[in-house]
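Protein chains in written order, with my numbering: chain A, 1 to 357; chain B, 1001 to 1259; chain C, 2001 to 2289.
Hints may contain errors.
[Said to hold, decoys possible] Straight line, CA to CA, 20 Å or less: simulated EDC-like cross-link-like pairs of lysine to aspartate or glutamate:
1. K2033/C <-> D1189/B
2. K1185/B <-> D1164/B
3. K1185/B <-> E1133/B
4. K2159/C <-> D1164/B
5. K2159/C <-> E2236/C
6. K2159/C <-> D1162/B
7. K1185/B <-> D1213/B
8. K2276/C <-> D2215/C
9. K9/A <-> D25/A
10. K2161/C <-> E1119/B
11. K1185/B <-> E1129/B
12. K2033/C <-> E2236/C
13. K2033/C <-> E1063/B
14. K2161/C <-> D2115/C
15. K1117/B <-> D1162/B
16. K1185/B <-> D1162/B
17. K2161/C <-> E1108/B
18. K1185/B <-> E1149/B
[As the list claims (entries may be wrong)] Okay, the calculated bits of chain C under chain A, using three or more residues with CB under 8 Å as the criterion:
19. 2016-2025
20. 2095-2107
21. 2182-2193
22. 2242-2254
Simulated from the structure, these hints should not be mistaken for laboratory data.
Glycine included, every Cβ here is placed at the ideal spot set by N, Cα and C.
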Amino acid sequence: MTVSRRGLKWVLCVLGLTAVVGVCDLSLSSYWLYTVNTGLLLAFGAIALTVLVGRVGLTSMAHVALLAVGGASAAVAAALVSSWALPFGSLIAAIAGTIAGAVAGLAALRLSHFYLALSSLALSYVVLYIFQRVQFNSSHSETGYSASASNIGPWAITGERAWLILLAVLLVIVVVLTRNVLKGYTGRAWMGLRDREIVARAQGINVAREKIIAFAATSAIVSVSGTLSAFHTGTVSVDQYDLSMVFQYYAIIILGGLGSVVGAVVASVLFSVVQAELGNVLTSLPTSMPLSNELSLREGSVIDVLMGLLIVGVLLFSRGRSRSFVPWARTKISVVSTQRFRSYRNAGRCRRGIGST
Amino acid sequence: MTGRTRGRVVVRVEDLHVSYGGADAVAGLTVEVSAGEVVTIVGINGAGKTSALRGIVGFARGEPGRVTRGVVSVSGRRIPPNSPQASVRAGIRMVPERDKVFSSLTVEENFLASSPKREGRGFISRGLELFPELGRRRRAKAGLLSGGEKQMLAVAIALAADPDLLLVDELSLGLAPAIVTRLMKDLRDRCLELNLALLLVEQNAVAAAAISDRMLAMQQGSIIAEEQLGPTKAAGPALHRLLSQLGGGVQDGAQLPSN
Amino acid sequence: MNVFLNTIFNGIIAGSWLAATAVGFVVLWKSTKVFNFAQSYFMLLGTYLFATLDAKYAWPLALIAAAGITVIIAVLCHWLFMRNLVGASLFIPVIATFGIGTLLEGAVGLFWGPDDRQVSVPLYNIHYRVGDVHISGAQLSGLCITAVWIVVVILFLRKSKVGLQMRATAENHSLAGLAGMPVRSILVLAWAIAGASAAIAGITYTQQQGIESFDLANVGLLAFPAIIMGGLESVEGAVLGGLAIGLVDAFVITYWDPNAQFAAGYLVLFLFLLLKPQGLFGERVYDRV
């Protein structure tokens, strides 16, 4: 593509997005804006996870821990600084997240697959426990910490409309950056890691460095999203964080297509919308329907059932296919179809071992 | 012995196509093997020989290959493709190229696990009869056996099941020439004794020629030449003709050149 | 009452049901290479089934029925979903088990509701004292049930022909198929054992707590440290790992902070992963080919 055509494409995208945001801003009620914002906040974590799982091939269950770290950063920032709390908190979260991610990356050098997933689970438990101890020994044990001072200098980000603009801008930056990275050397190196680590190593890719970078970068994004979430909600408390969030994220990235950045964003917003609306749908079910009473009361369980069916269904459906479930998200990669063949036996053999050569 | 008639066709493979994710490894294999006959397919690495054998047995769900076309019949009856279970039930047994025994099980347990329903002791003793040296190692873990012993075990297990057709993939791989010769001879003797059809795949064409009745040359998924061998003096020239089809002059006793 | 001895005893009790579910998990892993994150959700299902059935029938019957239904559900999961997902990648099935776990959690919540409920516990009011240790009838019966189950499974695997075939299949599916083993049935059996183990573990845990609650799904996640400690490939190791984690937990609960249960258990897991990843009894650890 010539430079001018690429430039034109960019301008069109930006204009298009501004239009979308503007339309949302003007036409949606506060309730819907809140829903969309929640979805956008989820999108950051979803992008991180879909890149990690879909492009680099590493499983992680550490999202909860990272979000908690982000939340803690928000609380700390709000307590220390008032007028620049938002960016300050984000900075702390980014640093903490990067460090945590780098450590996780180091662990990923020695462990593979489920061992890595279990370690990330261990991290989550430890972080949440520490958080709980700190919170319950403080004066905030019941109400949680306050993070309402969401200011960027003189601008106060209050109200859903302001959040929409902020999140949209940040998200666009993240998406653009991510896609650039994925198209570049790092992205291709990661794909090498995912498919055949031995071959990648032979090709001169510094496996260790790439793994650490992958973890550090994605962890930073998740942590920052945790900070933003905290400011958006206004309070931070350890009981906001639960292991089921991890499964939510996995459901989202499966829906959007493993490895698809745009798909992750779309799926996040969809997920948020469905979650919001499901309650209404269930309560307005005709009472003649069986289980209608139970369904309306147990919204959370219905979501669980749907999520579970979704994950399994999409995996079964997209087996061997290289398109994502969200058709307009251009996924060229599906983890199932591009995994090179290993014999049935060798799969068990290699994976059982921990530690790379 | 068994009710098999010598010379009667045991297995007929027609137009077999095997593909791995879209790429054809075997493109139209047609071959017949009769009871008491030893047929060997030779070719270089990657010619599709192993895929051909696996294709005759069939691929289970989750294995990467697939039989996309072709018919395999044993004793006149068609076997459903891609069903190892049906093939085994129809009387086909295969000794694969790699991982031919269960390393974490003992020799005895290897026999026991592979024995048909309600047979246990009988199966083990039948198998140990075939290769008495295994008897000495019956309580050893199969993973600790030498290459030759593992091969013996694998062949013994397959033979003890009294199959109609035995497929052996690369019997000679990794074994010393003396053991190869001995194993091949043993195999041929059993084959004649039990009137079973034997289909071998080999890179060591010369060693296989010593025991084969017929030899097929395979290249890039298709059979390109076929020669009758047999224990006559004509075996030498026939073998040369066959091997020259595969390209390159081959010395007596040498392996086929790999690509 | 001697706190120390009681802690040890409580640890063994906790360890026994952890061991039970760990055994099921390892059998399933060895046979199918599926890392079943849904295992603790099978526990949940079994427990709630038991509580409902127990209200109407005698508890041994309820136990068997609940375990049986869980087995059916587990086999269905395999038949409908998991066996279609086998292939080159090992973590697609894992993500699928995330989905199955979530699905089960939702289903249980839909049918039974998310509130905690009292469970009738037979023998609850019987207490023994052995020296300075306090033992309740529920604990004892739970211990016996899990012990019997574990012994049955181990004997089955070691001594019976089908158990042998399971071990063979676990090593090499392809070869097992070539040798004429009923691989499909063996896989179904592996899922059945996993389901039954989970149900039994969940039921005995609930018996000891007296309350059925959703928290069980989380509690069941403590099985993973046990499994890793024992070495992923070893059934006997899983038993010992279960006991060990049970003891660790009991001590943490008694002497430090009950909320630190998970963190402590998983720290142990992490230490093992770093220092001795093959666990105490794991077999050869292969490098990637």
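Checklist line | Stated coverage of the stretch 2242-2254 of chain C by chain A [criterion: 3+ residues, CB within 8 Å] | finding: Violated - the stretch 2242-2254 of chain C has 0 residues with a Cβ nearer than 8 Å to chain A, which falls short of three.
Check: Given the hint that K2159/C pairs with E2236/C, does the C-alpha gap stay at or below 20 Å?
Finding: At roughly 14 Å apart (the allowed maximum being 20 Å), E2236/C and K2159/C satisfy the hint.
Check: Residue count check for the stretch 2095-2107 of chain C against chain A: does it reach three with CB-CB under 8 Å?
Finding: Satisfied; 12 residues make the cut.
Margin query: Please verify whether K2161/C and D2115/C have alpha carbons no more than 20 Å apart.
Written below: Since the Cα atoms of K2161/C and D2115/C sit roughly 45 Å apart, the hinted pair is violated (cutoff 20 Å).
Notebook entry, point to check: With a cut-off of 8 Å between beta carbons, are at least three residues of the stretch 2182-2193 of chain C near chain A?
Noted result: violated (count 0)
Next item on the list: Decide if the proposed pair is consistent with the structure: K1185/B and D1213/B, CA atoms, cutoff 20 Å inclusive.
Entry: Holds, at about 13 Å.
Margin query: With the threshold set at 20 Å, check whether the alpha-carbon distance from K1185/B to E1133/B stays at or below it.
Written below: OK: K1185/B and E1133/B at ~16 Å, within 20 Å.
Check: If you draw a straight line from the CA of K2276/C to the CA of D2215/C, is it 20 Å or shorter?
Finding: 30 Å, violated
Margin query: With the threshold set at 20 Å, check whether the alpha-carbon distance from K2033/C to E1063/B stays at or below it.
Written below: 14 Å, holds
Margin query: For a C-alpha distance cap of 20 Å, please report whether K2033/C and D1189/B respect it.
Written below: 41 Å, violated
Note to self: K2159/C and D1164/B were given as a pair; does the straight-line alpha-carbon distance stay at or below 20 Å?
What the structure shows: 31 Å, violated
Next item on the list: Starting from K2033/C, check that the Cα of E2236/C is at most 20 Å away, please.
Entry: Holds, at roughly 18 Å.
Against the hints set out earlier in the document, violations occur for numbers 1, 4, 6, 8, 9, 14, 19, 21, 22.
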